[in-house]
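A.B. asks: Sequence:
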Amino acid sequence: MKKARLPLVIVLSFLLSACSSSFAYNNIDWLLYWYLGDYVDLSLDQKAVLDERIVAWQSWHRSTELEKYQAQLKEVRGKLASGALTEEQWLNEFEEAQQHLHRFRSKIAPELAGIAHQLSTAQVEGALSAWSKKRQERQSEFEKRTEAERLLRQKERLTEFVEDNMGKLTQQQAGIINSYAPRFLATNNERTAYHTSLQHVIRDIFANRDTFEFEQQLADLIRNPDQYKTPQYQAILDRNARLYAQMLAELNSTFTQKQKLTLDDKLEEKITLIGDLISD
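Numbering-wise, the sequence shown is residues -24 to -1, 1 to 256 according to mature numbering (1 follows the signal peptide of the UniProt record, and there is no 0).
Among the hints, a few may not be true.
[Claimed, not checked] With a straight-line Cα cutoff of 27 Å, these simulated DSS-like cross-link-like pairs (lysine-lysine) come out: (1) Lys44 <-> Lys55; (2) Lys83 <-> Lys205; (3) Lys120 <-> Lys110; (4) Lys131 <-> Lys44; (5) Lys83 <-> Lys23; (6) Lys55 <-> Lys110; (7) Lys246 <-> Lys144; (8) Lys109 <-> Lys23; (9) Lys131 <-> Lys144; (10) Lys83 <-> Lys44; (11) Lys50 <-> Lys236; (12) Lys236 <-> Lys44; (13) Lys131 <-> Lys242; (14) Lys50 <-> Lys144; (15) Lys50 <-> Lys23; (16) Lys242 <-> Lys50; (17) Lys242 <-> Lys44; (18) Lys23 <-> Lys110; (19) Lys144 <-> Lys234; (20) Lys205 <-> Lys50; (21) Lys234 <-> Lys246; (22) Lys246 <-> Lys83; (23) Lys205 <-> Lys55; (24) Lys120 <-> Lys205; (25) Lys246 <-> Lys236.
No lab work stands behind these hints, which were simulated from the structure alone.
Work out the full structure: start from the sequences and follow the hints.
C.D. replies: Here it is as structure tokens:
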């Protein structure tokens, strides 16, 4: 389960963000075990403990965090209604979204570390091995693609994201995406190195699981896995985030009235969904 620790935090945070569906949010325990099944087999006792904590985390999240997501979406909706957002405004929205993730990590870190303490050595090694295998498979898939194929995938992903939220692109908007897509730097190699580093850190922490510092060290890793990213990796991520903000700002200034209404409807749907989840 520790192997899944970082990906698990990201998956949980995404599901709890209510950006998927009420089904996902209200059935997060089932979805979590579906995800964990690729990494570790928990005993009945371990599942019982985790079940209890999931209920508590979701209750906390529903009562304190969802309203923060809703408030941000309402604010973004209001800003967009007043005009296009600038690059810096988009970057600020990215940062606020990151804060949601940081709060979630900080909340679950101590208790998740305590649960992980109950994993056997075989469970930990099995999880790390599964993680390593998946990492190698992703790296192999990446290396098989030509530069042209990678660029095409980038364009398709960017186009899909924008069209899912505001409708079909105009020719001008497609040109904007095509001009930005080649400028994003690939992170696959750096991400692979980062995950390898995390695996080494996790293995070292579990090698000293009988020490007083074990749970604190593990909680610190869960709370702040980014500390193990190299400066080069973080620099690429920051550069790509700024490029993304630039692209959104440029696209934002070209939205047609129909696209503006479509995006506004999408935001309203998410705001309403979150409100319903808060009331459940």
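A.B. asks: Please go over all the hints and tell whether each is borne out by the structure.
C.D. replies: Each hint, compared with the structure:
A C-alpha spacing of about 17 Å is found between Lys44 and Lys55, which places the hinted pair at or below 27 Å, so the restraint holds. The straight-line distance between the Cα atoms of Lys83 and Lys205 is roughly 22 Å, inside the 27 Å bound, and the hint therefore holds. With a CA separation close to 15 Å, the supplied pair Lys120 and Lys110 stays within the 27 Å bound. Proximity of Lys131 to Lys44 is assessed by CA-CA distance (about 32 Å); at most 27 Å being required, the pair is judged violated.
This hinted pair checks out: Lys83 and Lys23 have alpha carbons roughly 20 Å apart, not beyond 27 Å. A C-alpha spacing of about 41 Å is found between Lys55 and Lys110, which places the hinted pair above 27 Å, so the restraint is violated. Taking the CA atoms of Lys246 and Lys144, the gap is about 20 Å. The hint holds against a cut of 27 Å. Simply put, Lys109 and Lys23 have alpha-carbon atoms about 24 Å apart, close enough for the 27 Å limit, and the pair holds.
A threshold of 27 Å between alpha carbons decides the hint, and for Lys131 with Lys144 the separation of about 14 Å falls inside it, so the pair holds. Between Lys83 and Lys44 the alpha-carbon distance is near 15 Å, which keeps this suggested pair within the 27 Å criterion. Simply put, Lys50 and Lys236 have alpha-carbon atoms about 15 Å apart, close enough for the 27 Å limit, and the pair holds. The hinted pair formed by Lys236 and Lys44 meets the criterion: a straight-line CA distance of about 24 Å does not exceed 27 Å.
For the hint linking Lys131 to Lys242, the alpha-carbon distance of about 22 Å falls within 27 Å, and the restraint holds. A hinted pair counts as satisfied when its Cα atoms are at most 27 Å apart, and Lys50 with Lys144 qualifies at roughly 24 Å. A C-alpha spacing of about 37 Å is found between Lys50 and Lys23, which places the hinted pair above 27 Å, so the restraint is violated. Between Lys242 and Lys50, the direct Cα distance comes to roughly 12 Å. Compliance with the 27 Å bound is thereby established for this hinted pair.
This hinted pair checks out: Lys242 and Lys44 have alpha carbons roughly 18 Å apart, not beyond 27 Å. Only pairs whose Cα atoms come within 27 Å are accepted, and Lys23 paired with Lys110 is accepted, the gap being roughly 24 Å. Restraint check: the Cα-Cα separation between Lys144 and Lys234 comes to about 10 Å, which is no more than 27 Å; the hinted pair holds. This hinted pair does not check out: Lys205 and Lys50 have alpha carbons roughly 33 Å apart, beyond 27 Å.
For the hint linking Lys234 to Lys246, the alpha-carbon distance of about 19 Å falls within 27 Å, and the restraint holds. The straight-line distance between the Cα atoms of Lys246 and Lys83 is roughly 24 Å, inside the 27 Å bound, and the hint therefore holds. Note on Lys205 and Lys55: the hinted pairing is violated, with a Cα-Cα distance of about 33 Å set against a maximum of 27 Å. Between Lys120 and Lys205, the direct Cα distance comes to roughly 25 Å. Compliance with the 27 Å bound is thereby established for this hinted pair.
Between the alpha carbons of Lys246 and Lys236 the distance comes to roughly 16 Å, so the proposed pair stays at or under 27 Å and holds.
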